[in-house]
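Visitor: These are the residues of each chain, in order.
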Amino acid sequence: MNAKTVDPHSLAMAQRPALPPRETQLKILYYMKVVRELENRIERKLYRQGKIVGGVYVGRGQEAIAVGSCIDLRSDDVVCPSHRDMGAFLIRGMSLRTILAQYMGKKTGATKGKDSNMHMGSLEHNLIAFISMLGDNVPVAAGIGLSFKMRGQDRVVVCSFGDGATSRGDWHEGLNMASVLKCPVIFICNNNQYAYSTPLERQMAVENVADRAPAYGMPGEIVDGNDVLAVWDASRRAIERARGGHGPSLVECKTFRMTGHSAHDDAGYVPAELFEYWETRDPIRRLERTLVQQNMLSDAGIAEMQQGIHTEIDEAIAIAEQDPYPEPEDCLRDVYFEKE
Amino acid sequence: MALTTYVEAIRQGIAEEMERDDNVFVLGEDVGIYGGAFKVTTGLMEKFGETRVIDTPISESAIVGAAIGAAMMGLRPIAEMQFADFISCAFDQITNFAAKCRYRWGAGIPIVVRAPSGGGIHGGPFHSQNPEMHFVHTPGLKVVCPSTAYDAKGLLKAAIRDPDPVIYFEHKYLYRRIKEELPSDDFIVPIGKAALRRAGSDMSIITYGAMVYVALDAAKELEKDGIDVEVLDLRSLLPFDREAVLETVKKTNKVILLHEDTRTGGFAGELAALISEEAFDYLDGPIRRITAPDTPVPFSPPMEEFFLPKISDVLRVARELRAY
Amino acid sequence: MAETKVIMPQMGESIFEGTLTKWLKKPGDKVERDEALFEISTDKVDSEIPSPVAGILQEVLVKEGQTVQINTVVAIIGDGSSAPSAKAAPEKSEPAAEKPQDAPAPKASAPAPAPPAPAAPTAEETGGRPTSPLVRRIAKEHGIDLATLAGKGTGIEGRVTKNDILKVVETGGAKKPAAPAPSPIAFSGEVERVPMTAMRKSIAEHMMASRGTSAHVTTFFEVDCSRIVAGREKLKAEFEHSGVKLTITPFFVQAAVRALRKFPIVNASIDGDSIVYKRDINVGIAVSLDGGLIVPVVKNAAEKNLLGLAHAINDLGERARTKKLSPDEVKDGTFTITNPGIYGALTGTPIINQPQVAIMGMGGIKKRAVVIDDAIAIRSMIVLSLSFDHRLIDGAVADQFMADIQKQLENWQG
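Quick note, the sequences are listed as chains A, B and C, same order. If you read the first sequence in this note's numbering, its first letter stands for residue 269, the second for the next number, and so on. If you read the second sequence in this note's numbering, its first letter stands for residue 10, the second for the next number, and so on. If you read the third sequence in this note's numbering, its first letter stands for residue 42, the second for the next number, and so on.
Quick caveat, the hints were computed from the structure, so don't treat them as lab data. Bear in mind the structure is a predicted one, so any value in this text is a computation, not a measurement. Careful, some of the hints might be misleading.
[Unchecked claim] The list that follows gives simulated cross-link-like pairs (lysine-lysine, DSS-like), each with its CA atoms no further than 25 angstroms apart:
id, chain 1, residue 1, chain 2, residue 2
1, C, 46, A, 319
2, C, 181, C, 193
3, C, 277, C, 448
4, B, 260, C, 46
5, C, 408, C, 372
6, C, 63, A, 313
7, B, 166, A, 607
8, B, 260, C, 365
9, B, 188, B, 202
10, A, 417, B, 56
11, A, 319, C, 67
12, A, 607, B, 202
13, C, 181, B, 259
14, A, 313, C, 67
15, C, 275, A, 313
16, B, 202, B, 260
17, C, 275, C, 181
18, C, 277, C, 408
19, A, 313, C, 71
20, C, 408, C, 448
21, C, 277, B, 260
22, B, 259, C, 286
23, A, 319, C, 286
24, B, 229, B, 188
25, B, 233, C, 208
26, A, 319, C, 365
27, C, 275, B, 260
28, A, 313, C, 46
29, C, 67, B, 259
30, B, 259, B, 202
31, C, 275, B, 259
32, B, 260, C, 208
33, C, 286, C, 181
34, A, 319, C, 66
35, A, 313, C, 66
36, C, 71, A, 319
37, A, 450, B, 56
38, C, 277, B, 259
Just chain A, same shape as in the assembly (with noise of 0.2 angstroms):
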């Protein structure tokens, strides 16, 4: 599949999508390892170890689409992520300790136990929290694009979302809104094809999320989700429109969910010839070759980079499980404002 936009109105761009310089395309790389590695443990180890509580949502297979959205953003840009986008928390600055002690219910984790696996934010990081009922977060994206916009900074808001949650009223309202009122927001779609066990065609009669786009008024474009570079062009577009106040974008990452719902499902309704085919377009390795190609990077680079990665989150595991849980009255605190 390749880069194809939809709407023909959208701002006129280089024919060949950009490339980022090869310091970003090195930390691109190191995110999305990061989060495949995280993700593998939490999964595969830490959960099958009775080690975490409640439930585990992964987005193996998609880690293109949450780090090349978010790798160039800036500090003061606010990034609103679903539940597949464990990169787009990293790069924002939440650590590996937080997040694991998320996982475990341990006081330390980003809601010191009173919400659990994906559901982190933090207003110093400019990250917010999504609650379940997914697709809310888009009006609420609109709202702070528009308080950018009513403040005339040329901050911008980066709103992700699965194909499930486009079928939700919120999502439409949250649209509409954010396009009526210019807002400068980047509506980023993981398309991985399944909300849990329902296909595609079983969630929306149109073929591509993006074909929505102009019922909203705004540009929309597909990408190959699994091309973090083909994502990362699409996405630095999208912002360069957004904050020249040209109002929000849709970008449909096209992927697939290599993984059950949840840790729970084996995802036995998916063909596994999908699994197959998607194995081959793995993400990771497709930029990995891209670098060694380009003698960005060799393969002992590759394997140095890992084995970094690996000890890094053996740490935060070691200090994670020894992490606290929280106080039974923790339970009462914080419902409302409190004074110190």
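Given the coordinates of chain A, assemble chains B and C onto it according to the supplied hints.
Guide: Below, chains B and C without anything else, positioned relative to chain A:
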């Protein structure tokens, strides 16, 4: 200062806060150019500009969602629901997003959602509801129901300045029927404090919203029967003034709980439980409730009149309670 | 290296058990951390489970094909030094499902019944309607027997209302505590011998000893209580707010304490040829119990204000009646106050509480006609008596002491 109506008091509250703090802004359907369906926001767009008085599409969920997002970034949005009845369209954003952000990840959401509520205007089922209990039942929210022009202005200011999400139910029946002199200086009414509208010794009526006037009118009548009624106006439902409730019960030992909302799951049940738990030894008679029946709000006048609690209901129950 | 318990994990929020389908290692095998150790099958998924630690698989506790609850220990990994435990049955940790465990012996009684409500008069007793909680409370506080008012109230079906009971309180009806009816004796002959209780023996000894030790003299003073009765009315509500029921006793205690400060000899005791003056004023308040009495002591009474005294007196009295006093609380008194007037007596001649040298008795407060400025007025009057030890205290001192108390009470201002 001239007599100020309830609706004018709300408008003043909004305007003064927008003046005081650049972060305060208004969004909702028909609030800008039209000045609001009830003309609450008349003149604000002219004064503060389109940027701060925003006409939105018909999208209650997105209106509240956008308010939440803006509040996260430090703004102070006042989101208007054209009728309180439509607040159900934004139920998810209010109860699952706004109410839980601070608890889950320490992000306060200082939004105000204004909702014209209440019946008596021949509005029928979708223009007359009192949906406060859905939100009283949601920890993380605050809920207020002013009954006077003073409280309307003071509570609105308090709500705007509050660091947590506040659902502000303004009773549409009172908009132009209530007026009083308001102080010219800045004042707020603290959220969570009741107001004693009438001191008495024989029995207490605890109420809020438009029913405050039904209680006061009934109290005047009951004087002739030699029944001295105390009327406590709750003003806030979440949090509510526990101490004032218990104090009035301990004083008069007989209590009537009065609200326009329907009976089952209404606030009176909550109060009755509290009184029984904490003031049992002070009761000289059963706790009585006067509420609307458990039906949607009917439209045709004879039915709506039957539905809404009225003075004759209060007289009847008060006399029964007195004789007990 | 400590032993590590390997558990059956929870693969999904609604899953509470799993079947161990295959062991990939056997006891004695070396295993790496995260290396696949066994396979499981649940309703939702089949999965390979990695080892949580590196070590030697010491013991396998769950067989292939066995279904166990989540968190059940399925294996032990150690350093190979300890032998497998002799346990054959799998060790169970807290099962998640609600399975009846070896129930701890069911409690002998049913779940503790709610503390019995204060004797609530039944509908019969009160005639038609049960009394309201408020009326019952007021009646209890004032020692009014609701049965005497049964069905005579102004409420529905003769219900006694708040106003009804308050009227009774105001007119001073039935204020005396019901005197406990003495229990009848079962005679098995002309006489019936019953051994004394320990308390009775102790009282008998103490009374005789006291009579034998002190030179008992008693003086009597008639005091106009109108001021303090009014004062009590005024302060009642305020004290109630602080959770303290204000009786008339604290006023007398306060007056006595102030007088004792002025006349320290009345607060002293005798030791051979020495007078032992006491720095602290610890006032004992005699409390009547079933078959006897006890004297709990308000320590350092001089440091307490009226509210503090009222609180202490109530608390000690309550605990005296419910037998919850500590030994510390019934000793080291320096002065005692007793209340012979409680059952209506005009006054009394109390016996001194050794080793003290004086004891004050309070008669009943009654409205009487008295002469003031050559006119007759109705006043609440009380007769106070002071029994004192004439070895140490002369009549003049005793009378001056009492006169001071009288002056304080008759001029009470708050």
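Visitor: Any hints this thing doesn't respect? Which numbers, in order?
Guide: Per hint list: 4, 5, 8, 15, 23, 26 and 29 violated.
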